[in-house]
Structure formats: C-alpha cells, structure tokens
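Line by line, the protein sequences are chains A and B.
Residues in the first sequence are numbered consecutively from 1, following the numbering used here.
Residues in the second sequence are numbered consecutively from 1001, following the numbering used here.
Quick caveat, the hints were computed from the structure, so don't treat them as lab data.
Since the model is a prediction, treat every value here as computed from it, not as a measurement.
Possibly wrong hints are sitting among the right ones.
[What the hints assert, rightly or not] Heads up, simulated EDC-like pairs for lysine to aspartate or glutamate below, C-alpha to C-alpha not over 16 Å straight-line:
#, chain 1, residue 1, chain 2, residue 2
1, B, 1110, B, 1163
2, B, 1254, B, 1058
3, A, 121, B, 1176
4, A, 75, B, 1243
5, A, 75, B, 1238
6, A, 121, B, 1027
[Said to hold, decoys possible] Per the computed footprint, the stretches of chain A lying under chain B, defined by three or more beta-carbons under 8 Å from a beta-carbon of chain B, are:
#, segment
7, 65–77
8, 120–126
From the three backbone atoms N, C-alpha and C, an ideal C-beta is built for every residue, glycine too.
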Amino acid sequence: MSLSRNKFIVRFVFSALMVMQPVLAVSSEEPECLSPWSGSSDDSSETSSQYFEQRFAEAEQLRQLAAKAGAEWLKTEELLLNSKEQAGNGNWSTAFQLIHKACKQADSALQQAEYESKAWKHRVVD
Amino acid sequence: MIKAIITGLIFLFTLVVYQTTFAGPPEDRRAFVAYYESRFPDIPFAEYANGIYAIDRDARDQWLEIEEFPPYEFAIEQGADLWQEKFPDGKGYSDCFKDSANGVRQAYPKFDPQTGEVITLERAINLCRNEHGQKNLEFGNEQMLALSAFMAFESRGNSINIEVPGDDPRALAAYEQGKQFYYSKRGQLNLSCADCHVVSAGQYVRADHLSAGLGHPTHFPVYRSKFGSMLSLHQRFEGCIRDVRAKPFELQSKEYTTLEYFLTYMSNGLEVNGPGARK
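Put together the whole structure using the sequences plus the hints.
And the structure:
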C-alpha cells in the first residue's frame, strides 16, 4: 500500500516536471546577446560574422518587443545600427560591445514595462 | 442593534474599498488639485494656468516682460488668415467648429462617441479639412500651429471643460490609458511624468524649476525661445520623453492623445490662456 502510494507520488512529480519543462526551459534561457562576447579580434572574420548575425538578430528581436510594449529606450536602435557599421568595418570587438549594450537596454526596457504595468497604480495621487 | 452596526460597518468598508480601488475621473481630479493646494498653499488655483511662472517668481518677471511684445503674435496673425480662407466648396473652418465665435479650445480633446476615439484640436482641424476635400496638415507644421494658436487665442478666458462620459467604457478606457502613461516610469532614466511634475514640482532640474502638472495644457501651443518657433503640446511631450531617454512616440499617437485627455481633464476649471511664451 505504502509502496504504491510512493510510486504514485513519484509518477505525479515526474509528470508535473514534464509538463513544466517548456516553461522552465523558457524562463531559464537567456539570449546570448546578454552575455559579453568572449571572442577576440583575431578570430576569423567568418566566425565573427556568424556570431554577429546571430546576436544582432537576438538583440533586434528584443528591441522590437520593447517597442511593441511602448517601452523602447532612446538609443537602442542607434546602438544596433552602429554595431552593424562597426561589423562592416571588421571592428568585431566594438561591434559586439555595442550589441551587448543594445541587448541589455532592450531587456531592461522590457523588464521595466512589465514592472510598470502594475507599479504605476501605487503612484496615483489620492 | 448590533446587527445594524455591523451592517453599517460593512457598508462603510465597502465604500472605502470602492473609493480607493475604483476612483473615477472626478475623484482623481479632486485629489490632483488638492495635492498642489497642499504642496503650494500660497498659489491660488487660477495661477496654475501660467505653468512654471506660477511657481518660479524670478522667471515670472522675465516672462511678463516678454509678454509685453508677445513672440507668438505672428502665429496668431497667420492663424487668423488661415481661419478666414475658404475651402473650394465655399465653406470654412467656422462651419466645422460651430461654437468658434465663443472659442472652442477649452473643449478639446473631446471624446467622440461615434468613433469611440479621443479627438484633439489638431485632429479636429484635419477632420474638418478632410470633410471639405482638403489634405491633412502635418502635425507640428507651421500652419497647424498657427491655426491652433489662433483658436487658443480666441478661447482665452474660457474655462477648460473636458468631459469623460461615465456611461461609455471607451471614454473611461482612454482616460485610464492616459493616466497609466502619466504615472508609468519609462526610459533609461526610469522617470514618469509624475516624478517630475507631481513629486518634484517646484524643484530644480539643472538651472530651471520643474512646473506643476496642474495647468500644463492651458497655454499650448507656445512660442519656445529655445527653438525660435511655436511648439505643440505633443511636441512638448516628445521632448520630455526624449529627456528621460525613452524613444518618443509619433505626434498625435494614441499614447500622447490619451495623455492629453487625462492631463487636460485634470486642469478642468482653469482658464485657457494660450498661446504662450516659454524659454
């Protein structure tokens, strides 16, 4: 009796974890553009270019989400455009630094919007 | 007896919860005005129509000198000429704005029950033009600013009277959206409109004092000495949003329109005194 109850609990926990897996995976996944680039300027142009395009796309996606939420910061788009320009000139280190900045800004803007969607109510003059 | 007391207490509790949770526009406005009355007890209500010059006495003296030869006069004259012009169908702006002889600025922005949208004065000018086969004027262009300056001038002395029809949830939603915008922090500096113009009103920001939110919309459009040109209220919003390092919205966007709706409602009862002159 006790054994079957334990089995039931184990199965229940396991099933719950399986169901929760996509949610946990999404919440724990962080865009790569949020972590600083660890490459060096000696990396081959091809490798840097691939990484750049990937990180640029991530940062641009975050920026667009912030814009959709009406929360985009002033310089995020400019940082992304400048990063493209630097990448075009082969200045990978600067290009990745700019992307990292833009990515942080867009992510912070989204967090700000989410927090403010409730927090504003506590500031109303009453 | 005890039952009656308990019932009374429950009623009072419900009333308090309702008042604090579901404060409507009139309650919001009363609280907004009371805040400034308590914050600046020496400033009479009517003075808030003068914006920062109600608070900053030194700047007020300079402003009064500027008002002796108003730099916005050219805009009023240009606006008067445009107002008189007839559209190809022989009609004019006065055919769209029925009460224009007595001034109309005080009633804008206005909720339109037919479309469910808030209509600013600038949009109403364009709607009038469209009705008579004319193209839109760009928001913020010289002609638009001149027309709105003339209409504000003709409305001077009228009390702002914005209505939020309580029986239309769309009007209340627009008002609430503007209110949310006003109190929400945004941008890299993480500041809301209220942070500067409610909490810090009267304080210094660099070498200037921050104006009170009460009375903000009474005097627009304004002549800005800084730019050497006229400026609409939405262009001013744009400047503030940029100042907190957030990306500005389009002029006449839903964000600015609902913000104007909320903010102008807060200034109900103050006199229109536009166009104005600002540094």
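Each hint, compared with the structure:
1. Proposed proximity of residue 1110/B and residue 1163/B is supported: the alpha carbons are some 7 Å apart, at most 16 Å.
2. Taking the CA atoms of residue 1254/B and residue 1058/B, the gap is near 37 Å; set against the 16 Å cutoff, the hint is violated.
3. With a C-alpha separation of about 11 Å, the suggested pair residue 121/A and residue 1176/B falls inside the 16 Å cut-off, and the hint holds.
4. Taken as a hint, the residue 75/A and residue 1243/B pair is honoured in the structure, with Cα atoms around 12 Å apart against an allowance of 16 Å.
5. Distance check on the hinted pair: residue 75/A and residue 1238/B sit about 15 Å apart at the alpha-carbon level, within 16 Å; holds.
6. Distance hint between residue 121/A and residue 1027/B is fulfilled; the C-alpha atoms sit about 15 Å from each other, no more than 16 Å.
7. With 9 residues carrying a beta carbon less than 8 Å from a beta carbon of chain B, the segment 65–77 of chain A meets the three-residue requirement, and the given coverage holds.
8. Three residues within the 8 Å Cβ limit are the bar, and the segment 120–126 of chain A against chain B gives 6, so the coverage statement holds.
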